[in-house]
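As you go down the protein sequences, you meet chains A and B in turn.
Note that the numbering used here has the first sequence beginning at 1, numbered continuously upward.
Note that the numbering used here has the second sequence beginning at 1, numbered continuously upward.
It should be emphasised that the hints constitute simulated quantities derived from the structure, not laboratory data.
Where hints are given, some of them may not hold.
To be verified - Facing chain A, a subset of chain B residues (Cβ under 8 Å, in silico):
hint, residue
1, Gly67
2, Ala95
3, Ile98
4, Val235
5, Asp310
6, Glu369
To be verified - DSBU-like mimics (lysine-lysine), calculated; alpha carbons at most 30 Å apart, straight line:
hint, chain 1, residue 1, chain 2, residue 2
7, B, Lys199, B, Lys130
8, B, Lys331, B, Lys195
9, B, Lys291, A, Lys106
10, B, Lys172, B, Lys261
11, A, Lys140, A, Lys113
12, B, Lys261, B, Lys195
13, A, Lys68, A, Lys106
14, A, Lys68, B, Lys291
15, A, Lys140, B, Lys86
16, B, Lys195, B, Lys130
17, B, Lys130, B, Lys86
18, A, Lys106, B, Lys331
19, A, Lys68, B, Lys86
20, B, Lys154, A, Lys140
21, A, Lys5, A, Lys106
22, A, Lys43, A, Lys208
23, B, Lys86, B, Lys331
24, B, Lys154, B, Lys368
25, B, Lys130, A, Lys113
26, B, Lys263, A, Lys106
27, B, Lys290, A, Lys113
28, B, Lys185, A, Lys140
29, A, Lys225, A, Lys34
30, A, Lys68, B, Lys172
31, A, Lys113, A, Lys68
32, A, Lys113, A, Lys34
33, A, Lys68, B, Lys290
34, B, Lys130, A, Lys140
Computed from a predicted model, the values in this text were never measured in an experiment.
All C-beta atoms in this analysis are idealised placements derived from N, C-alpha and C, irrespective of residue type, glycine included.
Below are the chains, spelled out letter by letter.
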Amino acid sequence: MGNQKRIAIYGKGGIGKSSTASNVAAACAEEGYKVMIIGCDPKSDSSITLLGGRRIPTILDLLRQGVKVTEEDIVFHGYRNVRCVEVGGPEPGIGCAGRGIIVAIKTLRDMCKEMDDMDLIIYDVPGDIVCGGFVAPIRKGLVNEAYVLTSGEYMPLYAANNICKGLRQIDTRLSGVICNSRSVTREEEIVRRFAEEIGSKLVAFIPKEQIVQDCERDGFSVIEKAPGSDIAHVYRDLARAIMSNSDSALPTSLDDERLRELTR
Amino acid sequence: MAANDISIIHPRPSSIVAALYTLRDLNVDVAILHGPPGCSFKHARLLEEDGIHVVTTALDENGFVFGGRRELSSVLEKVNEMFHPKLIGVVGTCASMIIGEELHEPVMDADLDVPVIEVEVHAGYANNTKGVLLTLESALDIGVIDREEFERQKVLLEEATEVEKRHGAASKEYLAPSRGDLKYKVAQRIIELLKEGKKGLVIMNAKKETGYMFADINVAVHEVASRLGVSGNVVNMANLDESLGLPRVRDHARNIMHDLKEKGVQIHDITGGLDEYPIAGHVVDELIAKKYADHDFAVITGVPHAIPMDHISHMEIISVTNGPRQVVPLKEMGHRHVVVEIDLHPKTLGVNHIVESELGATLREMAKETLDCSA
């Protein structure tokens, strides 16, 4: 377990964390790595494109039914044997989703033996760290590398900057910034500057391509459905970058003034 | 709640409190409850009688919303200055655990030179033994207990949970509390049995410090039997092995044995340690089958429902419990008389000698009267 990479991808809601996570997972699996993806969003759709569009029972679904949960009940094998797990959560507006993540993560850690064998575990976390539960994977020592995903627009950068503030608060190092393009002018430059100024680096620039959406609509990653596409190569490069990355630093968030200047 | 479990609606012992008592047994000097000021108030107060300080981070509405990392680290620093502890316990509560508080971070923040047992526990477990287990796991992690003791305790806890499910507080959907049978009637019956020359067993199967009071019943029956000249008809058994359990628990066994000896009470059979009440019942059962099957009555104290009925069902059984909700299950098991020593536990905290029980006092008083009358 010493060399195991356990990463979390943070970023503003809707910025493409799940797409990035599942394509990176698929690309790493193709390279022969043992990969697990753990969806921590109550919407439980992180792994859907690795399973041909199929939804799987979530840990919290099973816990709610009061049955004794076993590994086979919650770990599903997707594309190239990527292990897929969904935490799940309560209905919107009811109960406590944060506590749900804490309980599910504990359940998983207690009974999932396969976790130890993985080369890469990706935690796909919800966009906003709204309460204690949402940082449970990091706090419980399950994550050893964090990445931030953003576009060059002001709002996603603002969210990314806030996340860096949070990471510093909980003493978690940042391994890199990934730019998921929204086709904004000077986008790569803006995000690269942002990454450098917070004390990190840009590890990938993912151009905006319609094909990603098209594949997702059918329930697949581009790695699986359009393996020869340019964007598939971008994800493969990102996957390699993540697997070989050993740099990390405590991020220093920027003040709002500087953030606005960057995007002007 | 697991699908196959019954839904129990009477409130039952709390895992948070179980964690506090376990920390006490591990000899912490201070236990800090991380949560609202009223959580576990009654037991937190009682535990101070036992020589440990129990304090709280007193989380309020703001604490629930913004978290209490700073509060906990500052309470850690404060207790370190105030009490100079050698070992500290930090215990979670429902409120702090639901909002996802980490106990480890504030402990690191405070950076004391004192080992800290961190117990992430809330009261939402079906069995309060979970609180004990979580505490022991954490104590094992920081080397306060060894693996062997941990494994031993784990077996005991599993068995204790089973005992409660079979005939205890977890055996029914709702158990109404009861004060049991009148003590003077039961005392009268014991005296009658002794007078008739019946052979009896007095079996103490107590949980830890509660033994300080339950042992008094062995003493009282012995005293009465001696006055009647039939002490040879009474056999005493007790789970008072001085070589088993955590240091504090062994001390209790040693103290109680010392008092019994001083009072001239012979314990014929030691059935286990003071923390072995869930399994000592089987030892009792075997002993009875082998040596005492011909006895006429049995006085069983402490956790009487842990003694199997197999070889005692033909005897007249008098049981003594400190749980008002235990009366109904004991009657259903076939115990003829059930006596409740109300508020026993608070009276056995912070003591190191046998404490008089109400049944014991009643027995002594009534024996005096009957003997004086007949004289």
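Tested hints:
| no. | hint | verdict |
| --- | --- | --- |
| 1 | Gly67 | holds (6 Å) |
| 2 | Ala95 | violated (11 Å) |
| 3 | Ile98 | holds (5 Å) |
| 4 | Val235 | violated (44 Å) |
| 5 | Asp310 | violated (31 Å) |
| 6 | Glu369 | violated (57 Å) |
| 7 | B/Lys199 - B/Lys130 | violated (41 Å) |
| 8 | B/Lys331 - B/Lys195 | holds (25 Å) |
| 9 | B/Lys291 - A/Lys106 | violated (50 Å) |
| 10 | B/Lys172 - B/Lys261 | violated (40 Å) |
| 11 | A/Lys140 - A/Lys113 | holds (17 Å) |
| 12 | B/Lys261 - B/Lys195 | holds (25 Å) |
| 13 | A/Lys68 - A/Lys106 | holds (14 Å) |
| 14 | A/Lys68 - B/Lys291 | violated (44 Å) |
| 15 | A/Lys140 - B/Lys86 | holds (27 Å) |
| 16 | B/Lys195 - B/Lys130 | violated (46 Å) |
| 17 | B/Lys130 - B/Lys86 | holds (25 Å) |
| 18 | A/Lys106 - B/Lys331 | violated (41 Å) |
| 19 | A/Lys68 - B/Lys86 | violated (40 Å) |
| 20 | B/Lys154 - A/Lys140 | holds (24 Å) |
| 21 | A/Lys5 - A/Lys106 | holds (19 Å) |
| 22 | A/Lys43 - A/Lys208 | holds (24 Å) |
| 23 | B/Lys86 - B/Lys331 | violated (46 Å) |
| 24 | B/Lys154 - B/Lys368 | violated (46 Å) |
| 25 | B/Lys130 - A/Lys113 | holds (23 Å) |
| 26 | B/Lys263 - A/Lys106 | violated (53 Å) |
| 27 | B/Lys290 - A/Lys113 | violated (47 Å) |
| 28 | B/Lys185 - A/Lys140 | violated (58 Å) |
| 29 | A/Lys225 - A/Lys34 | holds (20 Å) |
| 30 | A/Lys68 - B/Lys172 | holds (22 Å) |
| 31 | A/Lys113 - A/Lys68 | holds (16 Å) |
| 32 | A/Lys113 - A/Lys34 | holds (13 Å) |
| 33 | A/Lys68 - B/Lys290 | violated (41 Å) |
| 34 | B/Lys130 - A/Lys140 | holds (20 Å) |
Checked against the numbered hints given earlier, this structure breaks hints 2, 4, 5, 6, 7, 9, 10, 14, 16, 18, 19, 23, 24, 26, 27, 28, 33; the rest are met.
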